[in-house]
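Those protein sequence lines, which keep their order, are chains A and B. Our numbering numbers the first residue of the first sequence as 38 and each following residue consecutively. Our numbering numbers the first residue of the second sequence as 4 and each following residue consecutively.
Just so you know, these hints were derived from the structure itself, not from any lab. In this text, all values refer to a predicted model and were calculated from it rather than measured experimentally. Glycine included, C-beta positions come from ideal geometry on N, C-alpha and C. Only true hints are included.
Think about it this way: if two alpha-carbon atoms lie no more than 16 Å apart in a straight line, the pair counts; the simulated EDC-like pairs of lysine to aspartate or glutamate are:
#1 B:25 x A:145
#2 A:60 x A:40
#3 A:92 x A:104
#4 B:25 x A:141
#5 A:107 x B:19
#6 B:23 x A:141
#7 A:82 x B:118
#8 B:25 x A:148
#9 A:107 x B:121
#10 A:108 x B:121
#11 B:23 x A:145
#12 A:82 x B:121
#13 A:108 x B:19
#14 A:82 x B:115
Computed footprint of chain B on chain A, listed as stretches where at least three residues anywhere in the stretch have a Cβ under 8 Å from a Cβ of chain B:
#15 85-97
#16 120-130
#17 141-152
Far from chain B, some chain A residues (derived; all Cβ distances over 12 Å):
#18 38
#19 49
#20 52
#21 55
#22 62
#23 165
#24 265
#25 268
#26 271
These are the residues of each chain, in order.
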Amino acid sequence: MIEIKNITKSFKDKKVLHGISGKFEKGKTNLIIGASGTGKSVLLKCLVGLLSPDKGKVLFDGRNFTESDKKITTQIRREIGMLFQGSALFDSKNVEENIKFPLDILTEISEKEKIEKVNHCLNLVGLDKVNQKMPSELSGGMKKRVGIARAIVNDSKYLFCDEPNSGLDPLTAIKIDDLILELTQKLKTTTIVVTHDMNSVIEIGEYIMFLHNGKKLWEGDNKKILKTKIKELNSFIFSNKLMKKIK
Amino acid sequence: MKNFGKYILFLISLFERREKLKTYFSLTINECIKIGYDSLFIVSIVSIFMGAVTTIQTAFNLVGPLIPDYVISLVVRDMTLLELSPTIIAIVFAGKVGSNIAGELGTMRITEQIDALEVMGVNSSSYLVLPKIIAALLMFPILVVISATLAIFGGYTAGVFTDVITGQEYIYGLRYEFNPFNIPFALIKSYVFAFIVASISSFQGYYTSGGALEVGKSSTNAVTNSCIAILVADYILAQILL
Numbered sequence: 038m039i040e041i042k043n044i045t046k047s048f049k050d051k052k053v054l055h056g057i058s059g060k061f062e063k064g065k066t067n068l069i070i071g072a073s074g075t076g077k078s079v080l081l082k083c084l085v086g087l088l089s090p091d092k093g094k095v096l097f098d099g100r101n102f103t104e105s106d107k108k109i110t111t112q113i114r115r116e117i118g119m120l121f122q123g124s125a126l127f128d129s130k131n132v133e134e135n136i137k138f139p140l141d142i143l144t145e146i147s148e149k150e151k152i153e154k155v156n157h158c159l160n161l162v163g164l165d166k167v168n169q170k171m172p173s174e175l176s177g178g179m180k181k182r183v184g185i186a187r188a189i190v191n192d193s194k195y196l197f198c199d200e201p202n203s204g205l206d207p208l209t210a211i212k213i214d215d216l217i218l219e220l221t222q223k224l225k226t227t228t229i230v231v232t233h234d235m236n237s238v239i240e241i242g243e244y245i246m247f248l249h250n251g252k253k254l255w256e257g258d259n260k261k262i263l264k265t266k267i268k269e270l271n272s273f274i275f276s277n278k279l280m281k282k283i284k
Numbered sequence: 004m005k006n007f008g009k010y011i012l013f014l015i016s017l018f019e020r021r022e023k024l025k026t027y028f029s030l031t032i033n034e035c036i037k038i039g040y041d042s043l044f045i046v047s048i049v050s051i052f053m054g055a056v057t058t059i060q061t062a063f064n065l066v067g068p069l070i071p072d073y074v075i076s077l078v079v080r081d082m083t084l085l086e087l088s089p090t091i092i093a094i095v096f097a098g099k100v101g102s103n104i105a106g107e108l109g110t111m112r113i114t115e116q117i118d119a120l121e122v123m124g125v126n127s128s129s130y131l132v133l134p135k136i137i138a139a140l141l142m143f144p145i146l147v148v149i150s151a152t153l154a155i156f157g158g159y160t161a162g163v164f165t166d167v168i169t170g171q172e173y174i175y176g177l178r179y180e181f182n183p184f185n186i187p188f189a190l191i192k193s194y195v196f197a198f199i200v201a202s203i204s205s206f207q208g209y210y211t212s213g214g215a216l217e218v219g220k221s222s223t224n225a226v227t228n229s230c231i232a233i234l235v236a237d238y239i240l241a242q243i244l245l
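Let the sequences and hints guide you as you build the complete structure.
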């Protein structure tokens with residue numbers, strides 16, 4: 038479980054996050070949603086340690102990530118897997134080397150075991166015969182899948198996904214959502230997904246935190262969200278015609 | 004001053020939370036190929052012509068009835084060892100390797116590849132930059148030695164083919180009153196310049212923020228700042244060591 042307590046973050050005079058708290062449970066897909074510029078990505082960066090919050094705590098199964106010494110934070114980081122918005126695959130490495138990278142750096146297992154793990158992860162994300170391909174040879178959806186495979190290869194306890202559906206066609210986006218949900222349940226990871234894709238919200242939102250202007254305005258699940266009476270959340274959910282029709 | 008402080012902190016960060024040594028070994032070998040071997044062609048071309056032009060121009064400006072011909076090769080030798088090979092090749096090196104390092108790291112930064120390393124618990128600056136600096140320190144002195152050899156050879160070829168100097172006189176001039184300290188001096192300069200180019204270019208690339216435009220700016224800044232630092236260091240080293 039990941040718990041955040043009173044996370045506050047400012048850039049110069051601009052306060053981006055206003056004391057955000059919440060609990061993201063193990064084995065669930067936890068969503069952070071909100072319009073662009075509401076602080077979702079900043080919150081995610083605070084969670085994974087790419088930014089330090091000005092105030093507040095991030096607890097990974099009770100271990101304080103924000104105030105611990107470097108040994109503990111490094112240990113926690115090595116239990117984190119992250120899918121980046123643009124996949125962030127290493128251009129100079131092929132698919133196999135990209136996925137194998139965390140194992141090369143963080144483990145002492147044999148090369149044979151590494152390759153087995155890589156193939157197992159590729160199998161989990163529904164890819165095969167792409168081991169020797171370079172990232173530039175892959176489609177957007179394939180890159181995301183390889184990104185997910187890299188994120189889970191080291192048996193990560195915590196899986197973070199930053200806008201996993203951005204730039205994908207609706208069909209591939211749904212496949213990626215299903216994959217995240219399936220992996221979370223199968224591997225029992227604590228998964229946090231930052232998104233503004235309503236399809237994801239409805240499909241995989243087992244816990245949803247809604248941010249508006251850097252503040253947490255609502256939390257709940259995908260069943261409750263459609264019945265909310267909060268004006269800002271309503272205008273976010275039903276901003277497109279299809280959702281209005283569904284309503 | 005703020006940037007200089009940031010640069011010093013960046014250099015310190017290279018030695019924090021290092022990975023296993025064998026990780027650096029393969030990375031350094033790859034960088035040696037990119038930084039050293041891939042620069043060989045441009046260094047060779049520049050060096051041969053540098054030596055040839057120095058010979059022709061020295062002959063044109065210096066030689067008179069009272070000055071012996073071997074002075075031409077003596078000038079070529081000393082200019083090549085003291086200044087041309089370490090400094091001019093360092094500037095070429097900054098243009099080729101420096102811009103490449105800054106562009107590569109800048110692109111990695113804006114495409115979140117550096118963030119990906121950090122999230123995995125890898126010290127990205129140490130993992131990405133340290134092998135480049137070590138490779139530059141290993142390869143650039145070799146490039147300078149090759150450059151000096153080729154420049155002297157280029158001077159010989161140009162001198163003999165244009166009948167400015169005979170081969171015998173050229174070789175006599177090369178050996179005449181040779182100061183052996185010129186070689187360690189050239190090598191000391193090459194180590195300093197290699198460190199300057201690799202570290203400044205890495206710093207510029209590593210702290211890129213924005214998009215493609217900023218990557219271009221980082222590459223330009225890497226070359227500009229490296230060239231200025233090379234010239235300042237060149238003056239300081241000459242003042243201290245000669």
